[in-house]
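> Residues per chain, in single letters:
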Amino acid sequence: MKTWIFFFFLLPFTVALGQSNRVSDSLTTGAKKKTNSTYQAKKREDTFTPQPLEDQHTWAEATLDYLSLGHTYFCLGQKEKALDFAELALQKGKKSNDLKLIAQARTMLGRFLNGQNRFEEARPYLFEALKMFTEQEDKFGTITTMAHLSSVYAAQKQYPKAFALLDSANALVPFIKEKQKIMVIRTSQGMAYTSLGRHQKAIHFFNSALAIASELDATTHQMDVAGQLATNYEKINQFKKAAAFYKIQSELKDTIFQKLLKGTIAETKYTTQRILNEKLIEEQKNAELLKTNLIKDLKLLEEKTANNNLLLWGGLSFGMVLLIGMVGYFITKVKETKSKRKEETLRFRAVLEAEEKERARIAKDLHDGLGQLLSTAKLNISGLEDEIKGEDKVLVQNSMHLIDEAVQEIRSIAHNMMPAALMEYGLISAIESFARAINETKTLQVNFSSKAMQDRLEKSKEIALYRVVQEILHNILKYAQADEVNIALTRIKDTVLLTISDNGQGFDVKTIHQSNGIGWRNIYSRISMVNGAIEVNSTKGKGTDIRIKIMF
Amino acid sequence: METPVKIMIVDDHQMFIDGIKSLLRKEENLLVTSEFLCAEDALEHLDIAATDLIITDISMPGINGIELTKTIKSTFPDLKVLVLSMHNDQEVVSEIMMSEADGYILKNTGKQELLEAVFKIMDNGTYYSKEVLSIMVNKVKKEQKIQEETSPLTNREKEVLQLICQEYSSQEIADKLFIGRRTVDTHRQNILQKAKVKTIVGLIKFGMKNGFISDL
Numbered sequence: 001m002k003t004w005i006f007f008f009f010l011l012p013f014t015v016a017l018g019q020s021n022r023v024s025d026s027l028t029t030g031a032k033k034k035t036n037s038t039y040q041a042k043k044r045e046d047t048f049t050p051q052p053l054e055d056q057h058t059w060a061e062a063t064l065d066y067l068s069l070g071h072t073y074f075c076l077g078q079k080e081k082a083l084d085f086a087e088l089a090l091q092k093g094k095k096s097n098d099l100k101l102i103a104q105a106r107t108m109l110g111r112f113l114n115g116q117n118r119f120e121e122a123r124p125y126l127f128e129a130l131k132m133f134t135e136q137e138d139k140f141g142t143i144t145t146m147a148h149l150s151s152v153y154a155a156q157k158q159y160p161k162a163f164a165l166l167d168s169a170n171a172l173v174p175f176i177k178e179k180q181k182i183m184v185i186r187t188s189q190g191m192a193y194t195s196l197g198r199h200q201k202a203i204h205f206f207n208s209a210l211a212i213a214s215e216l217d218a219t220t221h222q223m224d225v226a227g228q229l230a231t232n233y234e235k236i237n238q239f240k241k242a243a244a245f246y247k248i249q250s251e252l253k254d255t256i257f258q259k260l261l262k263g264t265i266a267e268t269k270y271t272t273q274r275i276l277n278e279k280l281i282e283e284q285k286n287a288e289l290l291k292t293n294l295i296k297d298l299k300l301l302e303e304k305t306a307n308n309n310l311l312l313w314g315g316l317s318f319g320m321v322l323l324i325g326m327v328g329y330f331i332t333k334v335k336e337t338k339s340k341r342k343e344e345t346l347r348f349r350a351v352l353e354a355e356e357k358e359r360a361r362i363a364k365d366l367h368d369g370l371g372q373l374l375s376t377a378k379l380n381i382s383g384l385e386d387e388i389k390g391e392d393k394v395l396v397q398n399s400m401h402l403i404d405e406a407v408q409e410i411r412s413i414a415h416n417m418m419p420a421a422l423m424e425y426g427l428i429s430a431i432e433s434f435a436r437a438i439n440e441t442k443t444l445q446v447n448f449s450s451k452a453m454q455d456r457l458e459k460s461k462e463i464a465l466y467r468v469v470q471e472i473l474h475n476i477l478k479y480a481q482a483d484e485v486n487i488a489l490t491r492i493k494d495t496v497l498l499t500i501s502d503n504g505q506g507f508d509v510k511t512i513h514q515s516n517g518i519g520w521r522n523i524y525s526r527i528s529m530v531n532g533a534i535e536v537n538s539t540k541g542k543g544t545d546i547r548i549k550i551m552f
Numbered sequence: 001m002e003t004p005v006k007i008m009i010v011d012d013h014q015m016f017i018d019g020i021k022s023l024l025r026k027e028e029n030l031l032v033t034s035e036f037l038c039a040e041d042a043l044e045h046l047d048i049a050a051t052d053l054i055i056t057d058i059s060m061p062g063i064n065g066i067e068l069t070k071t072i073k074s075t076f077p078d079l080k081v082l083v084l085s086m087h088n089d090q091e092v093v094s095e096i097m098m099s100e101a102d103g104y105i106l107k108n109t110g111k112q113e114l115l116e117a118v119f120k121i122m123d124n125g126t127y128y129s130k131e132v133l134s135i136m137v138n139k140v141k142k143e144q145k146i147q148e149e150t151s152p153l154t155n156r157e158k159e160v161l162q163l164i165c166q167e168y169s170s171q172e173i174a175d176k177l178f179i180g181r182r183t184v185d186t187h188r189q190n191i192l193q194k195a196k197v198k199t200i201v202g203l204i205k206f207g208m209k210n211g212f213i214s215d216l
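Here the protein sequences line up with chains E and Z, keeping their order.
So in my numbering, spot 294 of the first sequence is number 294, and the numbers just go up one at a time.
So in my numbering, spot 64 of the second sequence is number 64, and the numbers just go up one at a time.
Derived by calculation from the structure, the hints in this document are not laboratory data.
Ideal Cβ placement from N, Cα and C applies to all residues, glycine included.
Treat the hints with care, since some could be wrong.
Pulled from the structure, derived: some chain E residues nowhere near chain Z, Cβ distances all over 12 Å [said to hold, decoys possible]:
| no. | residue |
| --- | --- |
| 1 | D167 |
| 2 | L290 |
| 3 | E358 |
| 4 | V394 |
| 5 | H474 |
| 6 | K493 |
| 7 | F552 |
Taking beta-carbon pairs under 10 Å as the criterion, some of the chain E residues facing chain Z (in silico) [claimed, not checked]:
| no. | residue |
| --- | --- |
| 8 | S375 |
| 9 | K378 |
| 10 | T539 |
| 11 | G543 |
Which residues of chain Z face chain E? A few of them, derived with a C-beta cut under 10 Å, are [what the hints assert, rightly or not]:
| no. | residue |
| --- | --- |
| 12 | T71 |
| 13 | L79 |
| 14 | L84 |
| 15 | H87 |
| 16 | D89 |
| 17 | L106 |
| 18 | K111 |
| 19 | L114 |
| 20 | Q171 |
Please build the complete structure, drawing on both the sequences and the hints.
Quick look at the structure:
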């Protein structure tokens, strides 16, 4: 019994520290071991008899699990997932009736929503949390929530409010004595200053947080802070330092993944561990790839800045050749801008390719994995159909309908992500079936023709062209009020020409570059990624013609 | 049917095989005689005497269901194949048909559809959807160039072929034309010979090439 009380006293505290890895990050080792063994014992029991989540204790435990999972995913950059877990945490927290946990979940949810630029949604959660923490006289919670709220205001450019909140938070800091709490506070203050654009100040706070984190050996936190520091150094053009911190962050990430994989995650008994592990490895690989690219880019930038300086000094010391120096500098500068642009293109292409690969994988997983399971379930239920009589029969039929709908839904999600036709049968088949699907809705007639396109194109070009057709047709459906579209794909020697013309209301072409939507931006960048050119002609009332040329 | 239909199931998911087995267990006319988790094993252990119908998945590691169907249909054209798949992309389905499988249903099927497909196929019919047939018409027309010399069909044979192309089974054709089931099968044999094809789907392709189902 004693252990249990201790357990509950301690748990909110640990989560407040934002430590996902509760075992390794903990300072209070003695106490912690006690808690942990209780936990382990309970867990072992559960593997044999899954317990219904009835009592408030179990709900609280679940909340804690979700909170720490949320934090871990957030640190690992998986923001969507982090948000999901924060939402789950709030749900379970409400069931546990533990006001402290509810407030924590709200803060977390607000913080993550803020991270996704969903400021208006974030604010109410943070306000609620702030109210609760103040009522509970929880100064630590109050400070962190205030800092997060300040970040939200800063992002919304309401600077006076943001500064006011930070000031009142700062005033409360001296009341906090525990190191872990100070670390968390420093981090949230740093984040707020980052949002406010006060990078030097942010760096100051993060450095102090990092020092405490290293002292406490709180790995997750170190990684988080290192990432924040890197971002801030990047903002003030200190690329060397930024690169160094990115490196630290990525190394720590590795360590944390190892720990997660080794079984700390087993503490979350509400999540299927195997699936989680597989996903984690997959994500680790992707994240690693992106990170290495980023570090490389930063190094290159750094080298270039160095070159730059050298050139400048050379030019000054050779007074006589000042003019030549200037010309030389100018040429290098132009070259640099060019190579920088090229690098950016390369990086963007890598991101796009990774994204498409990920889409294809998820689509396949959904379709072949989840769809397969549901189909098998339906088959099994269908076997019972004859044996069930009377009113219950409706239940069986309803269930089968539901499964059908679910499979249908999965199929259409998977198809939108990556049409199987595109991967296996090529661009022409994919556009044909896309056109067929639109024609079936009878809202728009799509005529598609192709010439000399028997040979398949490079995969990246096929994907680019398909996505562009998809995007343009969506635009036409949404805005053009057209009833007919002609799409033609022709290959002339080394050039593929795609023309799309509709008979809709047309629009002012000048507005393309001013539009905020990502639609056109996507189209342009995809085309430029594959060395293509695009030309848009439109007259109000006379439809739109789009010509896209891709060279080999 | 006096002797039950002997069925082989090929699917890389044991759970799915078990699902089909438990569905068919209660059917006296159907008997699952063998099951395999991959096409390689199925081909190696194929006992032609103990198999009338193969129910197979498409996406499997190694040899996939389409290749399996092609192999089987080229060596044992009379052995029936029903393909079950997660995909309903029309391209995929028409590829299944090109492999000359006798029928195709989506995996999230129910007992009724499964039984309907099995019985139709066992009665020399095919089981595809209309949309797939119309895509096939276009595909088949494109490969028209290599068309072999064929002896002309009689009017009756043309009638029968037209109904075969519309996915009628032997019994259904017999009912429709007021002739005996055996007579239908004789006609079918003759048309197969004249068209120089071996399978029902081969016949349908022949019909498409020669414009017997232009009205789809």
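> Hold the hint about L84/Z up to the distance rule: shortest CB distance to chain E must be less than 10 Å.
With Cβ-Cβ at 9 Å, under 10 Å, it holds.
> Checking the smallest CB distance to chain Z, is E358/E really beyond 12 Å?
Non-interface label on E358/E holds, nearest chain Z Cβ at 20 Å vs cutoff 12 Å.
> Please check whether the beta-carbon of K493/E is more than 12 Å away from every beta-carbon in chain Z.
24 Å, holds
> Interface hint check: S375/E, Cβ to nearest Cβ on chain Z, cutoff 10 Å. Holds or violated?
4 Å, holds
> Could you check that no beta carbon of chain Z comes within 12 Å of the beta carbon of L290/E?
30 Å, holds
> Over 12 Å to the closest beta carbon of chain Z is the bar; see if F552/E clears it.
Holds: least Cβ distance 25 Å, greater than 12 Å.
> Let me know if the C-beta of T539/E comes in closer than 10 Å to any C-beta of chain Z, holds or violated.
Status violated, d = 36 Å.
> Does L79/Z pass the interface check with chain E, least Cβ-Cβ distance below 10 Å?
24 Å, violated
> For the hint on H87/Z, just tell me whether its beta-carbon gets within less than 10 Å of chain E.
It holds, given that the least Cβ distance between H87/Z and chain E is near 6 Å, below 10 Å.
> D89/Z was flagged as interface toward chain E. Is the shortest Cβ-Cβ separation under 10 Å?
5 Å, holds
> For the hint on K378/E, just tell me whether its beta-carbon gets within less than 10 Å of chain Z.
For K378/E, the interface hint holds, since the closest Cβ of chain Z sits about 5 Å away, which is under 10 Å.
> Would the non-interface assignment of V394/E survive a Cβ cutoff of 12 Å against chain Z?
15 Å, holds
Figure legend: structure checked against the earlier numbered hints; hints not met, in rising order: 10, 11, 12, 13 and 20.
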